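Student: The chain contents come next:
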Amino acid sequence: MSAKDLPEPLDENERAFEAALKNLPDRTPRPEGELEELERVWAKPKGWRTLTVVNNDYVGSWYVGASLMFFVLAGILALIMRVQLAAPLADIVGPETYNQLFTMHGTIMMFLFAVPAVEAMGVLLLPQMFAARDLPFPRLSAFAFWAYFIGGTAFFLSLFWGVAPDGGWFMNPPYTSYIFSPGVNADFWLLGIGFIEISAIAGAIEIVVGCLKTRAPGMTLDKLPIFGWAMLVFAGMIIVGFPAIILGTILLELERAFHWPFFIAEAGGDPLLWQHLFWFFGHPEVYIIFLPAAGLVSMMIPTIARAKLVGYNMVVLALVATGFISFGVWAHHMFTTGIPDLSLSFFSAASMAVSIPAGVQVFAWIATLMLARKIRFNVPTLFVFGFLVIFTMGGLTGVMLGLVPFDWQAHDTYFIVAHLHYVLIGGMVFPLFAAIYYWTPMVSQNALSERLGKWAFWLMFSGTHITFFIMHYTGLQGMPRRVYTYLPAQDVSSVNLISTVGAFTIAAGVAVFVFDMLRNFRLGGENAGNVYDGGTLEWLPQGDYCARSIPVVDSTQPLWDRPELASEVKAGQWFLPGALTGRRETIVTSPIKAIPQYLVIIPGPSIWHVLAAIGTAGFFLSLTVKLVWVAAAFGILGIGAVLRWMSEMDKGPDHPPVDVGGGMMLPVYMTGPKSHAIWAMWVLVIVFGMIFACQIFSYLFLWSGQPDAWPPAGTGAAATFPAVLSIAAYAGSFLLMIAAGRALSRVPEQAPGRFLMLLLTAIAALLAGFGGEFAAYGHIDPTASGFGATSWTFTVLNGLQVATLFLWGAFLVWRTRRGMTDGVRRLSFDCILVLWGFAAAQASISLTISAFFPLLI
Amino acid sequence: MLELPPILDPAGPQAAPVTALSWILFVGGAVITLLIVGLMIVAVVGTDRLKAALAGERMILIGGLGFTIVSLLVLLIAGLGMTASLASRSGEEMLTVRVTGLRWWWRLEYPGFEAANELVIPAGQPVRIELRSADVLHSFWVPQLAGKRDMIPGKDNSLIIEADRPGVYAGYCTEFCGAGHALMQFRTIALPPDEYALWAAAQARPAALPADDLSQRGQRLFDRIGCGSCHNVAGTRAAGRTGPDLTHIGSRTMLGAGILPNNRGTLAGWTADPAASKPGVLMPGYTYLSAGELQALAAYMDGLE
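Respectively, the protein sequence lines represent chains S and W.
If you're matching positions, the first sequence starts at 1 in full-length UniProt numbering and goes up one per residue.
If you're matching positions, the second sequence starts at 1 in full-length UniProt numbering and goes up one per residue.
Hints were generated in silico from the structure; no laboratory data involved.
These figures come from a predicted structure and were not determined experimentally.
It is possible that part of the hints are untrue.
[To be verified] Here chain W is said to cover these stretches of chain S; the calculated rule only asks that three of the stretch's residues, wherever they fall, bring their Cβ under 8 Å from a Cβ of chain W:
(1) 339-351
(2) 398-410
(3) 577-586
(4) 680-694
By construction, the Cβ of each residue, glycine as well, lies at the ideal position given by its N, Cα and C atoms.
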């Protein structure tokens with residue numbers, strides 16, 4: 001008897017839920033006007049106010065659309081490169097332009113197309129798959145979209161001024177540092193990546209909380225649609241992986257702007273530090289792109305085969321295993337850098353191991369297809385089959401490259417170009433195209449054209465093989481990557497010409513697809529509906545409010561197992577059939593069993609998150625082109641808009657508990673461990689914690705290369721007494737915050753004066769702690785050595801935390817004085833407390849390391 | 001008959017085992033691809049009995065887990081063994097050449113003399129290449145002789161190459177290094193050991209004196225316009241280290257880091273406008289020189305054998 005079968009005592013929520021289930025579906029007629037009220041609450045603004053829409057179907061569709069725009073733009077860059085490479089010593093573009101082209105092609109495809117595209121599919125599909133009304137933080141996703149769209153567009157436009165980055169998508173220093181790349185080009189790369197970092201982290205928070213807290217009641221984790229699992233792993237990988245590149249970009253910009261020598265060997269830096277940070281992010285990045293696509297495939301294959309996925313548990317395990325293993329393979333990009341033999345063995349073994357879960361998934365899909373009575377070859381099926389072939393081939397060359405001796409030969413040749421395009425086109429583009437054809441009827445008035453889709457498929461499928469299959473040979477012939485031309489003597493002229501022909505074949509297929517989208521994709525109004533007969537909740541009848549009522553789920557394909565479900569949902573016979581508090585709301589459920597916990601009020605359309613995105617984008621753009629005052633203005637706009645946006649949050653228990661259906665009463669306000677906002681805060685803290693961990697790695701990495709020069713001769717160690725005082729101030733400020741929290745629970749029975757005094761003292765202690773860092777090692781010059789640079793980076797990270805807490809603390813003072821924060825309505829305070837604790841811990845650990853580590857060794 | 005590409009046409013013991021491994025991988029990869037495509041075809045047109053036999057979780061356990069793990073383990077063991085055996089020669093005594101990557105050429109430091117852009121080695125003997133970088137990342141690769149290894153500022157890497165027969169082997173920079181990356185190439189020339197000894201002895205001697213009037217005029221011009229501030233010509237006043245050593249430039253087969261055949265015409269053309277052959281090159285052009293002056297310079301350099 002397994003643990004699962006043992007009866008567990010039910011808590012209060014579970015008992016209420018079980019009781020409610022007896023009354024559902026509730027077939028009594030719905031009150032008049034309920035549906036109209038629901039429609040009014042969820043209606044999307046029209047005209048120019050469309051920009052303020054936050055509904056996930058719109059934001060998700062824009063997001064997918066913008067990513068496709070960047071896909072087409074980066075594809076055009078590839079065509080220019082293929083023309084240049086069609087003949088030896090061609091003179092279409094010179095090396096300066098070509099280097100910008102391949103850098104932009106790779107960067108845009110990875111950061112502005114692939115990651116946003118899969119994230120966009122999450123925003124678009126997840127609430128529907130959970131039958132939730134929306135994502136838990138709709139303005140956050142809309143903000144992420146706008147920051148990405150504005151920032152990405154500006155980044156692309158840098159090409160037209162010839163100032164686009166030219167150091168490769170991997171941006172290896174020393175080439176990309178200020179000595180060899182003094183222009184603004186590399187800064188544009190750091191800028192463009194900055195936006196993606198922001199929107200990826202925002203998206204990851206949204207997806208983790210969405211997947212764990214807003215599922216349909218009864219959708220226990222073992223019934224989570226595979227795409228939900230894939231997105232959960234995706235978000236987890238972003239949370240663990242992106243911090244490495246966030247820290248990397250901070251370090252590289254510090255080196256470029258202020259000459260802190262992190263990567264300059266002569267000054268005690270190390271170019272390999274960048275490679276470790278970049279690839280610790282960069283290889284998981286490939287799986288960050290692939291896993292959601294695999295999740296989409298696992299959703300479509302059951303519909304194609306008209307059978308449930310074979311080996312659901314094994315596929316989930318495979319997704320999770322891929323997530324873990326992918327963080328142990330980064331150095332296979334560094335086999336030729338001369339890393340120690342032991343590392344070679346470890347990373348080679350891990351690179352092999354990561355193909356095991358891929359094999360599991362491929363065979364699970366094939367086993368499911370075997371169950372099909374008859375497979376209909378519509379466009380999604382074609383793209384899924386194309387995916388299986390191309391991805392398998394790319395996976396196999398990946399196994400080859402995991403073998404160190406083979407990699408020593410094939411590394412940085414066209415063999416790699418072939419491999420990575422097989423993996424990424426096969427593993428991501430084809431599933432995405434299948435998914436767009438498959439899910440368009442869910443959001444668009446018309447389905448896409450079967451005829452055009454088949455043309456697009458065959459052109460893209462044949463074009464991919466024509467372009468990239470021959471490139472394996474080109475690489476074996478010895479042609480290096482990232483070259484703007486080649487000599488006739490290299491004997492690669494005809495194979496390159498073939499690749500160019502293939503590239504235009506792919507382009508023709510994409511053009512057909514774009515035409516199909518322009519002709520048939522129409523947002524708004526009645527959607528085309530379940531044309532492929534899918535069995536999951538996103539195929540319930542939809543309005544602006546998603547599904548009319550939220551059903552209880554007890555299978556992975558509820559629409560197949562309960563054919564009457566769609567009409568029951570549409571008739572409002574399940575949970576939350578209307579807008580019960582007259583505002584936008586959705587049910588928050590427990591993370592494992594999906595038991596309803598409370599009704600969350602979620603924000604509607606607004607201009608503030610749009611202005612915040614414009615402020616963010618404008619700030620970084622102006623800073624990149626060194627317009628400091630303009631940057632300051634945008635910065636103020638951004639911060640002001642965020643604060644205005646935040647002032648609308650945390651409304652408190654302004655409505656009594658409501659009956660969400662079947663007699664289940666749910667509160668409409670929650671703080672503490674059940675709150676979705678506290679969950680989001682913890683996710684954010686993990687991100688910050690990973691950034692900090694990467695910084696500790698960087699510090700120790702530079703130390704390990706020069707243990708005798710730590711600190712270098714002539715540089716004094718940190719002053720320990722101020723360091724101790726600083727730690728005490730940081731720790732004290734957190735204790736003061738805990739005391740403030742106690743005082744707050746007695747408000748409004750007592751006046752908030754005591755709370756405010758404790759809060760202000762805590763802010764003062766925080767600032768004192770930060771000041772203490774300067775006293776501790778103000779005499780160490782960060783530009784003089786890698787030691788100085790990496791020690792000061794701790795202070796930079798602490799400074800970012802202190803600035804955030806300072807702003808937030810001031811905001812909390814304002815809220816309290818306006819009577820918007822008290823003993824019950826205290827989510828804003830509980831959130832800041834989480835971050836405060838983290839910041840105090842980070843500062844204490846960092847000071848301990850930077851002040852005491854050099855003394856110990 | 002199509003010629004085999006260099007990776008599949010090895011010319012030495014550091015490359016040959018990798019070629020054998022490559023063939024195994026390619027054939028294995030083709031078989032597995034066909035297997036997957038075959039299974040997909042069965043799913044579409046197979047009989048119900050066959051399909052039923054191939055459905056179910058057993059399929060995942062056998063195909064996805066069992067088959068994958070076994071074949072990967074075999075490959076991993078073979079790969080690690082080969083990695084170890086290729087690296088195991090690092091303790092032996094052998095000829096050592098220090099190769100430094102610069103934008104966008106190669107400095108070659110032999111025991112007793114310096115050369116550039118054309119690596120001459122004795123056939124049948126292992127040679128240790130010490131890899132250094134003077135500026136950005138580069139990577140050293142001669143596909144027919146060995147896998148590649150990166151040149152990283154501040155890091156001392158090395159690599160062993162060996163040609164088992166005399167010949168000319170193409171080499172490339174394979175780490176992106178900026179504008180001249182595509183045209184940062186070189187030749188490795190393996191000579192029979194006795195010829196190599198003669199070559200090395202000749203390279204160790206100072207530069208030949210200009211033999212005729214034209215060459216003498218060329219040398220004076222070389223001196224006057226300041227070539228020596230970047231280039232070294234041993235035995236003369238030219239002692240620069242910024243650019244390639246030209247003491248024996250006339251003995252090399254290629255010019256401009258492996259991109260042009262070396263003769264008087266290309267020497268003159270390169271000197272006048274190196275960026276025309278190699279965009280981004282750091283050497284300035286000397287377009288103001290007359291055709292006669294360029295001829296004289298080329299004659300002088302051509303005579304530096």
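Student: Checked against the structure, which of the hints given earlier come out wrong?
Tutor: Violated hints: 3 and 4; rest satisfied.
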